[in-house]
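Q: Listed below, chain by chain, are the residues.
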Amino acid sequence: MEYSVLQVSPRLRSFSLQPRRTKTLFVTALLGLAWTVGIAFGLRTLLAYESTPGTIGAVPRQWPSTSQIERLTNRPTLVMLVHPRCPCTRASVAELAQLMARMQGKVDAYVLFLKPRQSGIEWEDTDLRRSAAAIPSVRILSDVDGVEARRFGAETSGHTLLFDLDGRLLFSGGITEFRGHAADNTGERSIESLVNGRTPARTATSVFGCALVKRSQEGDKPGWLK
Amino acid sequence: MAKIAEQSLQSNGWTDRADELFQQHRQEIYRNTDQLFARLMLFQWVAAIMIAMTISPRTWVGQSSYIHIHIWAAIFVGGAISIFPIWMTRAWPGAALTRHIIAVAQMLMSVLLIDLTGGRIETHFHVFGSLVILSFYRDWRVLISATIVVYLDHFLRGIYWPYSVYGVLSASPWRSIEHAGWVIFEDIFLVISCLRSIREMRFVANRTAALESSEQNFRQIFEEAPIGMAVVGLDSRYAQVNASLCNMVGYSEEELTSRTPSEITHRDDIDKDKQLTQRLLSETTRTCVEKRYVRKDGEIIWATRTACLMRDESGKPRHYLAMVEDITQRKKDAVALEEAKNEAERANRAKDDFLAALSHELRTPLTPVLMSAAALEQEPGIEPELRRQFGMMRRNVELEARLIDDLLDLTRVSHDKLQLLFSGPVDVHSLLAHSEQIVHSDARNKSLVLRLELTANEHHVAGDAARINQVFWNLLKNAIKFTPAGGQITVRTANPTPGQLVLTVSDNGIGIDQQTLPFVFRAFEQGDIRGLQPCSGLGLGLSISKAIVELHGGTIRAESAGPGLGAVFTEELSTVLPFPEAQIQASQPRRFRGKSHRLLVVEDHEPTLAVLTRLLRDQGHDVMPASTVQDALALASDHTFDFVISDLGLPDGSGIDLMMQLSNDYGLRGIALTGYGMAEDLAKTERAGFLAHLVKPINVDQLHRVLERAQVAAG
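As given, the protein sequences belong to chains A and B, one line each in that order.
Numbering of the first sequence is given in our numbering, commencing with residue 108 and proceeding in unit increments.
Numbering of the second sequence is given in our numbering, commencing with residue 332 and proceeding in unit increments.
With the rest of the complex left out, here is chain B:
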């Protein structure tokens, strides 16, 4: 374990500190043991004198007595032995020489004491006891010094005064070795003990260095953390705070540690703060709260305070740890962002209002033209050329209306407000055939071959028939637009897997290069994509088509082998089961053959009002026109109507208000006929009691169908 710890230390570069701690510890032991021996020396000196005074106080010559030599030996020799080591412990505490002199002195003291006690065997234990005490130094070299003294003492006595130590006149030289051997015997175990102690000290030093380093790291993390950190005692006072927290609240560390968190908390947040603290003690392990602090200068700052309760090993609470992050700027940014968002929404609403108004203003003049052109085109008995001219007028007005619709649709797409009117299973083949009829004349005019290869057996999808038709129409118009004269366009349907309908519109037109291929579904991109002179249209069709297909849960993609190699647009949709045949027949639009209605038509645009009135009367309805709200109310009070067909923007009021009043006063139901086609506009008319919302321009057939539905809905 010690080895692993040491390797870890080396890898972390803490050995210097470990070595320093080890040396400090060893020095401390040396000095403490020096002091121990200083006192022991003094004690032994006094003890030697006491022993001499007890055992041999006086020597005798007949009846005369003198102070025994042992007394003087105890005083002077004992003093000489003791004083110098004691002085060394003062002059050179902890020095190696000091402890070696002490070792020598201690052994000499043993010699003296043994002599003073008449060589008593018991006194020899002083030698062995002294060795043990010397091992307190944990320096095995000291034992060697002591042992050398013991050996020399025995060796020299053996030579000069053998009987004083061995009890025989001529001692064998081996006797001194034998005596020293017993000392060495003890030394061996004391040396082992010393070495083990040194290893343990080294281990402790390494561990301490590691702990110090770890503590220093954690303290540094605490002190230099970029967020405020605090240790709060159970007495609710700050025990420790870091620099970040001090900077945050403007107090010094001393000021903060003499306060409680409540003292620097905004008064409105104090109760919440205390409740969370109580929860930490009883329920949860961590709390996080946004709260306000009051800085020393009075400024209020917002902060996120995360707190947890630290417990000791027995689970007893010790203190709280709090991390405080200043979010004042974030709060300010959030407020600014909210304001900017509101401003943007206001601007967006203004833009929507503008678009709605623009749409209304653009559509309104088209309505009488479209209605008249459509009606005249259907008029029997007119010359073919005139019919063709009326048809041309109708198509161009419809194109104009479609461009306006695209602009509105794009706005809806960008706001995720494009809504689908699911009308049950939609026959894709029928819609494609219908679209082909619409664009057939355009293709023919460019001498294009437009072929339908509708081979899919499953060709019904769930969706909004009008929107799906819009997609098909866009794809076909797009293909016609970018295919040169004499080219070929093929529409195919297939079911590669059951439940999946794949529709492809391929042409051999100008194609799309690889760089621009990913952007074909972006709005306003058509000119850039084709790299040609801008064609007619706004470049919104594909973008809107993609949004519509995705709203139906399908996908649409464009492929091209390159410029001049044509393009393939592929649409994938999930199929559904068709309605039974009878139901399909029932849902087919049919020409209005219903009963005539008494209609109140309110429209401030005089040409539209005139055309609408005339056409409805031609259809057999009893129509009363009004151009203002007041006129309409007056007529309603004097006549009975089945329905009201009303514009929304009227000179003296809103068609919404008119509808609500007519509905309340006369139970009248109505059809909104307006240039406002935004989703909000539809919602408003529905709330006002309108049964349907028609967006200008319209033709009479649309109006008939709506009247038919309105009749059913009104009962």
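Isolated chain A, as found in the complex:
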């Protein structure tokens, strides 16, 4: 025996449009509508934020000569600029760990953690730094006041650059394609192709992460608050 969607049972509760039930039904319809719209709006906002990439600065075509970081000459060098407290960058570091595992020593990497000059040791003491430090062939460095980030044109945490043996820029961008989501992505596959001598799908990708530097007044806030 089938009943209508709001009918419980013909014997237990014979559904009829009594005044009180009519009011409840009306409220239910309103709430249902608000519920649908609210959830749709909320999820859309969330997904829109998470799919919106960060900014990218002026990326040099050659290894910056002013950089204090020693470029390796026997293998390609990968540089990732990271905000140590950015939760979104956990995905980028996780992807870096997978990438380095697949490279099997064909590339060396530097992960530069932003460190304000006046900050204490607790600034950098994060799970993100510890995760990065655990990746083989990865050197962890502090980037005081984001000087190196500016030299490499990185404005968003997770920005990754690949240089060849001659210091030429091969790739620039993120190795996640959604904010905070670790998964197979174009940037990672492109880097892998470049290191292995194949033609990459892309040489530049969007970067998803926290802002490394404050560019303007509006930039004080994350994108979804603008």
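Keep in mind the hints are simulated off the structure, nothing from the lab.
Misleading hints may appear alongside valid ones.
[What the hints assert, rightly or not] Here are some chain B residues pointing at chain A (derived, C-beta under 10 Å): (1) VAL392; (2) SER396; (3) HIS399; (4) ILE400; (5) VAL408; (6) GLY409; (7) GLY410; (8) PRO416; (9) TRP423; (10) GLY449; (11) HIS1024.
[To be verified] Pairwise CB distance ranges (calculated): (12) A:ARG128 with B:GLY646: 54 to 60 Å; (13) A:VAL254 with B:PHE516: 50 to 56 Å; (14) B:GLU509 with A:SER238: 29 to 35 Å; (15) A:ALA155 with B:ILE523: 37 to 43 Å; (16) B:ARG451 with A:VAL254: 33 to 39 Å; (17) B:ALA378 with A:VAL254: 40 to 46 Å; (18) A:THR306 with B:ALA378: 41 to 47 Å; (19) B:THR539 with A:SER238: 55 to 61 Å; (20) B:GLY460 with A:GLU177: 30 to 36 Å; (21) A:ALA208 with B:PHE456: 39 to 45 Å; (22) B:ILE452 with A:GLU177: 36 to 42 Å; (23) A:ARG128 with B:MET381: 22 to 28 Å.
Beta carbons are placed, not taken as given, at the ideal position from N, Cα and C, and that holds for glycine.
Fit chain B to the known structure of chain A by using the hints.
A: For chain B alone, coordinates are given in the frame of chain A:
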């Protein structure tokens, strides 16, 4: 099994109740699961906030930080997802829409949690776990709603934010189908599980409905039973009582269930009651007793109480079941019946006494006439005409005596007190010849031909010769009576099988019609049967004859081809071996040739006393007459006697008392000579010491034979 149960239910018309139970159960599951999800939703909401606060509490811009969007998403989107379904569980508990909204919300919660955890694969298990929990509803449609949400989520993300779900920029449309496929894979088994659960619920509902109906039937039987029923606990208190018992003892159900059976049992029956209860525990499985209860109003009622001990499956006693039937009225009826029976017996005794007295009074005057007529008929030297007249007198007196005997015999038959005196093998042929001689003159007077064709080789039967002769005499007299002048009567004997004697008395008289044939052996029926004017006699002969034949183990029947075609009476008896010839000769009656005796004759009827005295003296006896007890005692004290022949009803006492006194004082033996011929009278005279009991009227030959036997018996 479920199918058989369902068919049984349908045949008993209980499907409505089964359906109601099924719906109740399903509603209960829906509501309970609604509540489960209401709590789960709340928990997931809090968990989402905690996850966001743990994983991504803040987002950063350089050295500045802000609350991460995940926090707000967890609070607001999570709240939006949770609150409406929770509200639905309050507003529409158990409704189909509620559980479908919950299903949608649960899947949306999976979307949120997966997002908050950065798309961790582990969080995807929330989807599969949620489907399992949704199957708690046992409504497979809910799974479809949830699956549609999953598919739409993947489909829309695949279009607008493919990387958020597939990790590639341009996802194939088949990816969304593939992802949904895994969900459907789980759905298939959950749907099967739901359908099985529904079948089991239906089965349980059917069984429950059947049990309810059965219980209701038994309860109705218990409640509405026309006899009192009670369940008594092992603590000896009434646990349940029905209306009949309450009405019987006058207590309400509440009053009775607060009492013990002993409290309403008559105090004289309490011990017996307790003993029976103990027997139930130790010995027997059922007891039945008649006992008294004391009603609330104090009235005592009688009841039959049948009790048994009910045990559980392990054999441990559970309670007693008692059935109480009010037999008060039956008891009263039994008392009334007993009183009526006693009254009837008293009346019967009075009637017997009256008959005995009547018999005595009727016989007594006949005695001197019969004795005188018989004696004079035998007197040598009288004229033939005079002898014939004396013979006529004798026969008529004998007929009169026979009518009185028939009345007495009928009384004996009706009381089953007709007794036989078995005297050894009786020669039926001799008795028939004797009977023929008796009725020969009657047949001759009506110009009837009476023939005997006695062809049976085995013609001896065990029985009372006098009674058998009575039967033959009745049959012959009957045939003569209903055969017109010039008719023919034939008596035949034969042995159709060894050991069986068949005797037929056939006539060509007026016959018997078929309607009245079955009643010929009923008393007082002769006039009706023959459809003619009443003939002489009382119509008792055939009735008495039937009783006598049956007492001998034989049968008697009447046959007739119809009115005017005569009748055949057939008697069947079992034969026995005859005595040796010498013994037969010895047992033949012979004329008194013994020694003379000194006789004391006590008789208050003067003519009888005179005739008896004269005849006995003529036979050579030394006779002293007395008409009272006192005279008799006086004579006994002065003279010596061999025997006393005494009447029983004497003016100054009883012949019984006289005999007892004479026996005690002088060792005298006696012969009772009385008109009282009932069985009780014979028993009394035997107890008093009489050697023989002669019923008036008698002739001298009878008296001689008795004296001869008395002499032998007295030594």
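Q: Now, for every hint given, state plainly whether the structure supports it.
A: Checked hints:
Given hint, VAL392 (chain B) at the interface with chain A, holds; its Cβ is 4 Å from that chain's nearest Cβ, closer than 10 Å. Because the closest C-beta pair between SER396 (chain B) and chain A is about 7 Å apart, less than 10 Å, the hint holds. Against a cut-off of 10 Å between C-beta atoms, the interface hint on HIS399 (chain B) holds, since the closest Cβ of chain A lies about 6 Å away. Given hint, ILE400 (chain B) at the interface with chain A, holds; its Cβ is 5 Å from that chain's nearest Cβ, closer than 10 Å.
Among the interface hints, the one on VAL408 (chain B) holds; its C-beta lies about 4 Å from the nearest C-beta in chain A, closer than the 10 Å criterion. Hint on GLY409 (chain B) holds. Least Cβ distance to chain A is approximately 9 Å, under the 10 Å limit. Of the supplied interface hints, the one on GLY410 (chain B) holds, with its beta-carbon coming within about 9 Å of a beta-carbon of chain A, less than 10 Å. For PRO416 (chain B), the shortest C-beta to C-beta distance to chain A is roughly 9 Å, which falls under 10 Å, so the interface hint holds.
A cut of 10 Å between beta carbons decides the hint on TRP423 (chain B): the least distance to chain A is about 6 Å, and the hint holds. Checking GLY449 (chain B) against chain A by beta carbon gives a least distance of about 5 Å; that is within 10 Å, so the hint holds. At its closest, the beta carbon of HIS1024 (chain B) sits 93 Å from a beta carbon of chain A; the interface hint therefore is violated under the 10 Å criterion. For the pair ARG128 (chain A) and GLY646 (chain B), the supplied restraint of 54 to 60 Å holds, since their beta-carbon distance comes to about 57 Å.
Remark: the range hint 50 to 56 Å for VAL254 (chain A) to PHE516 (chain B) is upheld by a beta-carbon distance near 54 Å. The hint said 29 to 35 Å for the Cβ distance between GLU509 (chain B) and SER238 (chain A), and at roughly 31 Å that hint holds. The given range of 37 to 43 Å is respected by ALA155 (chain A) and ILE523 (chain B), whose C-beta atoms sit roughly 40 Å from each other. For ARG451 (chain B) paired with VAL254 (chain A), a C-beta distance near 35 Å keeps the hint of 33 to 39 Å intact.
Under the hint 40 to 46 Å, the C-beta atoms of ALA378 (chain B) and VAL254 (chain A), about 41 Å apart, fit the expected range. As the Cβ distance of THR306 (chain A) to ALA378 (chain B) is approximately 46 Å, the hint placing it in 41 to 47 Å holds. Between THR539 (chain B) and SER238 (chain A), the C-beta spacing of about 60 Å keeps the proposed range 55 to 61 Å intact. For the pair GLY460 (chain B) and GLU177 (chain A), the supplied restraint of 30 to 36 Å is violated, since their beta-carbon distance comes to about 50 Å.
Evaluation of the 39 to 45 Å hint for ALA208 (chain A) and PHE456 (chain B) yields a failure: the beta carbon distance comes to about 25 Å. Between ILE452 (chain B) and GLU177 (chain A) the beta carbons are some 38 Å apart, a value that agrees with the proposed interval 36 to 42 Å. Distance hint check for ARG128 (chain A) and MET381 (chain B): the Cβ-Cβ separation is about 38 Å, which falls outside the suggested range of 22 to 28 Å.
The structure shown violates the earlier hints numbered 11, 20, 21 and 23.
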